[in-house]
Amino acid sequence: MSVLRAWWWLSVALLKRSARDGMVVRSLATPPIIVFGAFGLTLLLSATRAVHPAVALSPELAADTEFVAQIEGVEWSWFVSKELERAVRESDATFATDGHTLWSAGTDEGELKLEGFLRARQAEPTWTLVMPPPDRVSRTRGLEQALPPGIALLYALYATVFGVGMLTRDREDGTLDAEHTLAIPTWVHGAARWTAGAIGVLAWVVLSLFVFSTLFTLRAPLAAVLHESAAVLTGLAVGLAAASPARATFSSALAVALTAASGLFILGAAVPALGPWVPLLSLGQQSGGVTAFLGALLLSVGAVALTGRASA
Amino acid sequence: MIVLQDLVKRFADRTRGSFLAVNHLSIHVQPGEIYGLLGPNGAGKTTTLRILATLLEPDEGTVTISGVDRVASPLEVRRHMAYVAAEAGLPERLTGREVVELFAQIQGADRPRERAAALLDELGATAYADTPCGSLSTGMKRRVVLARALVHEPTVLLLDEPTDGLDVQGRREVMELVRRLGKGERAVIVSSHIMSEVQQMADRIGVMARGELVAEGTIEQVMRSTGHTNLDDAFLALTNR
Numbered sequence: 602m603s604v605l606r607a608w609w610w611l612s613v614a615l616l617k618r619s620a621r622d623g624m625v626v627r628s629l630a631t632p633p634i635i636v637f638g639a640f641g642l643t644l645l646l647s648a649t650r651a652v653h654p655a656v657a658l659s660p661e662l663a664a665d666t667e668f669v670a671q672i673e674g675v676e677w678s679w680f681v682s683k684e685l686e687r688a689v690r691e692s693d694a695t696f697a698t699d700g701h702t703l704w705s706a707g708t709d710e711g712e713l714k715l716e717g718f719l720r721a722r723q724a725e726p727t728w729t730l731v732m733p734p735p736d737r738v739s740r741t742r743g744l745e746q747a748l749p750p751g752i753a754l755l756y757a758l759y760a761t762v763f764g765v766g767m768l769t770r771d772r773e774d775g776t777l778d779a780e781h782t783l784a785i786p787t788w789v790h791g792a793a794r795w796t797a798g799a800i801g802v803l804a805w806v807v808l809s810l811f812v813f814s815t816l817f818t819l820r821a822p823l824a825a826v827l828h829e830s831a832a833v834l835t836g837l838a839v840g841l842a843a844a845s846p847a848r849a850t851f852s853s854a855l856a857v858a859l860t861a862a863s864g865l866f867i868l869g870a871a872v873p874a875l876g877p878w879v880p881l882l883s884l885g886q887q888s889g890g891v892t893a894f895l896g897a898l899l900l901s902v903g904a905v906a907l908t909g910r911a912s913a
Numbered sequence: 095m096i097v098l099q100d101l102v103k104r105f106a107d108r109t110r111g112s113f114l115a116v117n118h119l120s121i122h123v124q125p126g127e128i129y130g131l132l133g134p135n136g137a138g139k140t141t142t143l144r145i146l147a148t149l150l151e152p153d154e155g156t157v158t159i160s161g162v163d164r165v166a167s168p169l170e171v172r173r174h175m176a177y178v179a180a181e182a183g184l185p186e187r188l189t190g191r192e193v194v195e196l197f198a199q200i201q202g203a204d205r206p207r208e209r210a211a212a213l214l215d216e217l218g219a220t221a222y223a224d225t226p227c228g229s230l231s232t233g234m235k236r237r238v239v240l241a242r243a244l245v246h247e248p249t250v251l252l253l254d255e256p257t258d259g260l261d262v263q264g265r266r267e268v269m270e271l272v273r274r275l276g277k278g279e280r281a282v283i284v285s286s287h288i289m290s291e292v293q294q295m296a297d298r299i300g301v302m303a304r305g306e307l308v309a310e311g312t313i314e315q316v317m318r319s320t321g322h323t324n325l326d327d328a329f330l331a332l333t334n335r
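So the protein lines, in turn, are chains Y and P.
Per the working numbering, the first sequence runs over residues 602 to 913.
Per the working numbering, the second sequence runs over residues 95 to 335.
Quick caveat, the hints were computed from the structure, so don't treat them as lab data.
Treat each hint with caution, since some may be false.
Claimed, not checked - Incomplete in silico selection of chain Y near chain P, CB under 10 Å:
hint, residue
1, Pro660
2, Gly775
3, Leu777
Stated by the list, open to error - Negatives, chain P to chain Y, calculated, CB over 12 Å:
hint, residue
4, Met95
5, His122
6, Arg144
7, Arg172
8, Ala179
9, Arg187
10, Val193
11, Glu195
12, Gln199
13, Glu216
14, Leu260
15, Arg265
16, Glu279
17, Arg304
18, Asp327
19, Asn334
Every residue, glycine too, gets a C-beta built ideally from N, C-alpha and C.
Could you build all of it, start to finish, from the sequences and the hints given here?
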């Protein structure tokens, strides 16, 4: 009980210290702020585009001056295209139609309006085949696939720096020595730093993923959370392990830790077969993420054991 | 209460190679005694205190604190002992009250909040207890550190150069504090390289040089052994041998 109590209180104290450190808070808050900014900008652009949708028309339909006049009458722009579906899919047009089928990436209101023009043109009750919005993944797939691992890598590197900083800073100013004279096992000090770092960084990772998912399609959100958490925990473990030798200074440990963490990521990117299940190597790869997460926990136990052995 | 027997600690570095930081050191300190550990910089005082504080492992020899073997039962030793290093070791973004409360919580003190407040009050640190430690002066930090060290009522107190970096007034206050803390059954070891300071705090002194204990006894006994009547001359005579 005394060990758990110490672990808890030390972790709380470390979190409190981090929350009062302006530089730490700013660095953690930057990625979600950037994503929120991008989200706001996108909303603004979408709103602007929604006012004046562009319509792709088949050559036959474009020759119908009365129909075209109706479109121009509501201040929509139009252009002729032979590949109507593609025009919508690639966001060149909000709507596209050949008179019988309506491809749409716009609002219900816009669809109804255009459908009305088409029915009026037929001069008799008719069904217009309205195609659902094209899968946005196809257009933004690259971005959607690259961004979450990119954000996770950023946070994993933050976690590495925090792991190094939390241990070396406290060793250099004597805080760690003071803690080590407490009647608790020495591994508790590393465990508390791991806990505080994990909570502090993972909270921002989850927030960033949430913001991201409101803007883009996040495929397999649980796997994404597991992979990214695994990366962050591994970054933290690498940082703590690099700083654990008693003679390690901030700069020497940071050099080792950043090289190791970014090296792992690059290795995973260069040789994908190496690591679908290995934390940090697994970023951006398709797998469930459970094994990577468990691997990260295992590495963390190793790092905490190292800090307990060599921190004093 | 504190027994060091034939303590040896070796270090190795690139410039000096392997060297003896503590060379067969034997010290006995009784309950209620304040023992001054004197010596020039590099004599081995801090290494000795860090071994006692379970921060360093000895290479040879035995150390017992309150009858507990320091090597076999370091956790048990820490329950009886408090170590105050020369560096404050205070997290700069926590207040003094938070630091003392944290240690009281971890050490399992009854009503840690009240215990912290009482200690800060006893040591005259209440006025700045809610100021972040990073904004405190060296003297203020020293009081907070002492309060932190005393939360579990240790029977052994190890103070490494407690007056280091303090002005005249601060030094005097800390020396009075040390005398107060040494009353009762507590055994105190206080290290310093200033003989006159130790004279005011310690009941008995040990003088270290090059890792060895070169003299031990009351101040008068040690001075008599050197043939000098001046404290500094006696110190220099012992440490420059």
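Hint by hint, here is what the structure shows:
1. Pro660: Pro660 of chain Y check fails; min Cβ-Cβ to chain P is 70 Å, beyond 10 Å.
2. Gly775: holds (3 Å)
3. Leu777: holds (8 Å)
4. Met95: holds (17 Å)
5. His122: The assertion about His122 of chain P holds, with a minimum of 22 Å to chain Y.
6. Arg144: Since the minimum Cβ distance to chain Y is about 8 Å, Arg144 of chain P lies within 12 Å and the statement is violated.
7. Arg172: violated (4 Å)
8. Ala179: violated (5 Å)
9. Arg187: violated (4 Å)
10. Val193: violated (8 Å)
11. Glu195: violated (9 Å)
12. Gln199: Violated, since 5 Å does not exceed 12 Å.
13. Glu216: Correct as stated: the minimum Cβ-Cβ distance to chain Y is 19 Å, above 12 Å.
14. Leu260: holds (16 Å)
15. Arg265: holds (20 Å)
16. Glu279: holds (19 Å)
17. Arg304: holds (23 Å)
18. Asp327: holds (34 Å)
19. Asn334: holds (31 Å)
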